[in-house]
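Chemist: Chain by chain, the residues:
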Amino acid sequence: MTLFYFFGAVAVIASLLVIAQRNPIYSVLLLIASFGALSGLYVLLDAPFVAVIQIIIYAGAIMVLFLFVVMLLNAPQEETEFDVRVHPVLRTAAMRLGAVLAIALVVELMWALTRINGSGSFPSGAVVSVATIGHRLFTDYAFAFEVTSVLILVAMVGAVVMAKQDAVRGGK
Amino acid sequence: MPSLNDYLILSGILFSIGTAGVFVRRNLITILLSIEIMLNAVNLSFVAFGRSLGTADGQIIVFFVMTVAAAEAAVGLAIVIALFRHRESLNPDSFTALKW
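If you're matching them up, the sequences are chains A and B in order. The first sequence: position 135 = 135 (my numbering), numbered continuously. Take the position in the second sequence, starting the count at 1, then add 172; the result is the number in my numbering.
FYI, nobody ran anything at the bench for these hints, they're computed from the structure. Since the model is a prediction, treat every value here as computed from it, not as a measurement. Any given hint could be a false lead.
Unchecked claim - Across the chosen pairs, the derived CB separations fall in these ranges: (1) B/T268 <-> A/V43: 39 to 49 Å; (2) B/F267 <-> A/F143: 32 to 42 Å; (3) B/V237 <-> A/R22: 45 to 55 Å; (4) B/T268 <-> A/A99: 22 to 32 Å; (5) A/V157 <-> B/V214: 20 to 30 Å; (6) A/M71 <-> B/T268: 19 to 29 Å; (7) B/E260 <-> A/V157: 25 to 35 Å; (8) A/V160 <-> B/T227: 36 to 46 Å; (9) A/G60 <-> B/A269: 34 to 44 Å; (10) A/F68 <-> B/V214: 53 to 63 Å; (11) B/T268 <-> A/A131: 36 to 46 Å.
Virtual Cβ for every residue (Gly too), placed ideally from N, Cα, C.
Full structure from sequences and hints, please.
Modeler: This is how it looks when you write it as structure tokens:
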């Protein structure tokens, strides 16, 4: 129970700081901390496979990709001179609407969860082994698994095409 | 022992933080990071439900969500790079070519 609150607090505070930062590099690093806390929560949920791929794939691969782009673009601070041209009443209204929507989402979720009957405590079960997950992936989810490989191929080609220099395209 | 409700409340809080980030921030990279926060909140609820039902399906769906998130990050960051090359800016308000 204590560990749950510790990891949950770290995840929530780190995520809040991700949003509060103006410098994207700090945002990315704080998000890695949040993912580490989530990985701990997955261990508490008896899901070691997800905990490991959370660290290896999310914190290790996707966040490094983000970090590369942040450093490549070299635009650390959020620009504010453009905001001057936007009417301040309109701008704050949009931001206020976003905050209100988020708070409404939290309130609705809390309201829905308090109406659930029963304690919702977990049954005592065995840890789902990686072998089970692999077996299910290649039997029940075989089609989705193969489609995923096509998706990654398409994403790879799309990323290369979109990030290509315009000069290369024009001078063919 | 924390119950399923605790995990769902935590997941809801994280998802709301991500939603607020998409609305509040004026930086394309931070908006993409907020989307990652939302995806992770959903992953957490998937794993919690899978643990509650005693099946491996929750973890398998999390595996697919992570794959899609990786593809989304690659394509999204390529778009960000292309946009930055055109406008020298990461502010989403500066891309108004398709705005009526």
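Chemist: Are the hints correct? Go through all of them and say.
Modeler: Checked hints:
1. B/T268 <-> A/V43: 39 to 49 Å: Because 46 Å falls inside the window, the suggested range holds.
2. B/F267 <-> A/F143: 32 to 42 Å: 37 Å, holds
3. B/V237 <-> A/R22: 45 to 55 Å: Because 29 Å falls outside the window, the suggested range is violated.
4. B/T268 <-> A/A99: 22 to 32 Å: 24 Å, holds
5. A/V157 <-> B/V214: 20 to 30 Å: Because 27 Å falls inside the window, the suggested range holds.
6. A/M71 <-> B/T268: 19 to 29 Å: About 27 Å separates the Cβ atoms of A/M71 and B/T268, which means 19 to 29 Å holds.
7. B/E260 <-> A/V157: 25 to 35 Å: With Cβ atoms ~27 Å apart, the hint holds.
8. A/V160 <-> B/T227: 36 to 46 Å: Hint holds: Cβ distance 38 Å, inside 36 to 46 Å.
9. A/G60 <-> B/A269: 34 to 44 Å: Cβ of A/G60 to Cβ of B/A269: about 36 Å, so the range 34 to 44 Å holds.
10. A/F68 <-> B/V214: 53 to 63 Å: Given a distance of about 25 Å, which is not inside 53 to 63 Å, the answer is violated.
11. B/T268 <-> A/A131: 36 to 46 Å: Violated - the Cβ-Cβ distance for B/T268 and A/A131, about 53 Å, lies outside 36 to 46 Å.
Of the numbered hints listed earlier, those contradicted by the structure are 3, 10 and 11.
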